[in-house]
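There are 2 protein chains.
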Amino acid sequence: MAAGFLLVWFSFFILLFSTISVAKIAPTFPSSIIRPEQLLLSTKHQLYKTKYFTQTLDHFNFNPQSYQTFQQRYLINDTYWGGAHKNAPIFVYTGNEGEIEWFAQNTGFMFETAPHFKALLVFIEHRFYGKSVPFGGEKVVAYSNTSTLGYLSSTQALADYATLIIDLKKNLTATESPVVVFGGSYGGMLAAWFRLKYPHITIGALASSSPILNFVNLTSPYSFNDIITRDFRSESENCYKVIKSSWQQIGDTAKQPGGLHMLRKSFRICKNYIDADSLKNWLYTAYAYTAMTDYPTPSSFLSPLPAYPVKQMCKAIDNPTTGNDTFAKLYGAANVYYNHSGTATCFNLADDSDPHDLSGWSWQACTEMIMPTDGNNKESIFPASEWHYEDRVAYCKFHFDIEPRPNWITTEFGGHDIHMVLKSFGSNIIFFNGLRDPWSGGGVLKNISKSIVAIVAKEGAHHVDLRFSSKEDPQWLKDVRKQEVKIIAKWISQYYYDLAHFSA
Amino acid sequence: MAAGFLLVWFSFFILLFSTISVAKIAPTFPSSIIRPEQLLLSTKHQLYKTKYFTQTLDHFNFNPQSYQTFQQRYLINDTYWGGAHKNAPIFVYTGNEGEIEWFAQNTGFMFETAPHFKALLVFIEHRFYGKSVPFGGEKVVAYSNTSTLGYLSSTQALADYATLIIDLKKNLTATESPVVVFGGSYGGMLAAWFRLKYPHITIGALASSSPILNFVNLTSPYSFNDIITRDFRSESENCYKVIKSSWQQIGDTAKQPGGLHMLRKSFRICKNYIDADSLKNWLYTAYAYTAMTDYPTPSSFLSPLPAYPVKQMCKAIDNPTTGNDTFAKLYGAANVYYNHSGTATCFNLADDSDPHDLSGWSWQACTEMIMPTDGNNKESIFPASEWHYEDRVAYCKFHFDIEPRPNWITTEFGGHDIHMVLKSFGSNIIFFNGLRDPWSGGGVLKNISKSIVAIVAKEGAHHVDLRFSSKEDPQWLKDVRKQEVKIIAKWISQYYYDLAHFSA
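Top line first, the protein sequences correspond to chains A and B.
Count along the first sequence from 1, then add 4; that gives the number in this note's numbering.
Count along the second sequence from 1, then add 4; that gives the number in this note's numbering.
One thing to keep in mind: the hints can contain errors.
Copies of the same chain are indistinguishable here, so a pair counts whether it falls within one copy or spans any two.
Said to hold, decoys possible - Calculated cross-link-like contacts (lysine-lysine; reagent style DSS-like; alpha-carbon spacing at most 25 Å):
#1 K427 <-> K173
#2 K427 <-> K90
#3 K174 <-> K427
#4 K454 <-> K494
#5 K315 <-> K382
#6 K490 <-> K454
#7 K475 <-> K462
#8 K427 <-> K494
Simulated from the structure, these hints should not be mistaken for lab results.
Chain A on its own, in the form it takes in the complex (with noise of 0.2 Å):
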């Protein structure tokens, strides 16, 4: 029975690379589309303008291949702008694994506080997504095999912004404007980053929901589910029990004559396809998914979520009409997922349309990015099972022919001791993670120093801070976001006055 779970979490980490599951190793979970206030925003100016910049295909080697270019999309927007004339700041998205339009349109708050601090906004595209895909624009080309994806990586990222930053900021002759980088999920890994490795182009980086810890020999594997774990859990008991309870007897189920049959009925799932470990998927998938956009108002991801909507799958579960019919109530959590509207007639479990381009991820994941998240401990919500490092291994050796490197991002980025290395090195970045958010486990949640500082919301989710702020949103989220403002107007302030008095 141990090699049938096991088996599950296999299968589901080869189903990784299909959309919806991207997002178990992929960080960055979306947010929502554009919301009222953001509709408003975008009638009175345009959101931003879409431009290229020709960048370098290898950074760091000096082969003939390494001097190729490519058309790197930014967006920007300086409807808010004070001008290179008044060194007026400029706020850098740094773009995640997707198309970076989708990143934009889910980090409201760059757009809110641009007024403010009358900041340009840009937004740069992560090589290898959207549109800024190298070898001619042509995904077909650029993904067809290792040599060409092998320029795929977070250094020649952070390196991309850096060129590209210098380069417009050159074109703006706003050499001497403060650049504040900003990002969520493995963008955040990148802002954090790119604060450390590129201090002369940043004065500081927002970091949100940023788990640059969750590396091997880091971060425990279990931290993942076992975030998922509590979320369910903290909403009640029985919640929490049922799900637990309810993988065996899908599992069960699945092997009695008739058991599919059964199965695809409770689950109203469409007649393409059905197997035990594809519906566990689907709804580890929804349980997920919903952990980490466990946000306090609506949103909407891939479909539309009502707020607190762990909260709405537990009351589903909980529903005393559904009796003992477990399948009935885990429909009914699924519903909160993926029927928020209501009108789905029936699901597709083995769905891989990718909207947001992110399957880029699973060659990050096959490479730099091995973030263990699979294990369940005992107490799990999820049947028990460990993460092998082996496991990774050899879905990428099969998929890629590729072997990780599994201790490059720590000997690049560090990691280990974290707190102690950077207690007197380095300044200026904001650690944002909310605790509901199952990348948290990963997260730096402890002040460093002064001015490396964790903000740690007890309610938040996968980075709620970089949202569109809301009417309704609660007073911790208002005053998260006001923190952020007043610690970031401190940096540009700092850089002002040292600009007039240590500038060569």
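Mind docking chain B on chain A? Use the hints.
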């Protein structure tokens, strides 16, 4: 005539890729062979053991080629080490553009301070130099074209050091031993950058004579030769004037019938080759190298030098017995550099031996290391000339069919407004500079913060602090080393305190 002068420096620049001239753009200047103190040391103990590490060819990409490996040489001495169980420190020399043994033998400071600190000594060879050559260890292969040479870069070298150090500490079960990095010249640049980019791997850097600011738009292209001018002029105004006026005289003489023969006779040039430009370059090399290694005690580079060799050169020039014979005066000066032993019977202007394997620098100077040093204003001891980036481009196009990336180093490592950028970012770097050293113009000469400090020795030359000590060392040099030891001791004791109080 101006064009003629320009041609002189342009042809010198071409010659830069012969051994003698490589040092003009190669910041490292070798200092001495083993001195008596060292011999004593090495008879008591073996100076070091030679080891090899299997290194990744390309840290930043993940294409199949990147996974190739090569054998990287490092030297290790554990004679003085307090051991892993005591978390005793590890001193690492970040090797520069030549074979590592040569640098180890010229970095007596590490050997002499190791007993006090109970430090393990490690000297890591830079990729593509000495015995650390990718592509099968064959220079003839690795240097054969730009596809292979492309992997020779500073960022790859730093990542090599990071990878090797982490692995070495793990193998020694010394993961908690503090690492201090040391380097002189380009090795010093690497040491400083290593501390800035890899603070999780090293607690501090002694960056000796590291011209990290000697890049385009940061340091004046006149600076290098201005300092040589100042060095000679400080000895005697006549010395300066004789050298300054000699270039025209050499040129004029060469053009006269029998002029070259006369020059050959005057300078005892062997019968293989002479022209005016080669002779000028030969003299320039003598002045530049002597300025760089204007040490207060006898030393050896490619050939032995007396103490205060600039003074000795000017003595030869000011020697009243040579009357008005400029060439006799210059010959006397050249003899200080080329023939201190007095055994040479004639000189070879086209000597292209490369005993310390420096030739890879020509590639680095054509890709990343665009360090302008060739400008001469009208006060210069050399003929007035402008530094033109286009000359470098033309050279590099011609020799390697490669385009330099003149802004890459400042993009990756910074440099502009360094005092402002680092005053509250980073810590624990010593920038030593001797003001007699032509490279000091591109160094950090003022304290940046409490722990990023500049030690400046008015009488010092190129990384004199790192050399083996001698009984004849002047007090200022003893003081410099004492100060460095004191600062390093502070880093280490702070580390042990932090380890006890902040370690995870």
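Verification of the supplied hints:
{"no.": "1", "hint": "K427 <-> K173", "result": "between (31 Å within a copy, 22 Å between copies)"}
{"no.": "2", "hint": "K427 <-> K90", "result": "between (33 Å within a copy, 23 Å between copies)"}
{"no.": "3", "hint": "K174 <-> K427", "result": "between (33 Å within a copy, 24 Å between copies)"}
{"no.": "4", "hint": "K454 <-> K494", "result": "both (12 Å within a copy, 22 Å between copies)"}
{"no.": "5", "hint": "K315 <-> K382", "result": "within (23 Å within a copy, 79 Å between copies)"}
{"no.": "6", "hint": "K490 <-> K454", "result": "within (14 Å within a copy, 27 Å between copies)"}
{"no.": "7", "hint": "K475 <-> K462", "result": "within (20 Å within a copy, 65 Å between copies)"}
{"no.": "8", "hint": "K427 <-> K494", "result": "both (19 Å within a copy, 16 Å between copies)"}
Violation of the numbered hints given earlier is absent; every hint is satisfied by the structure.
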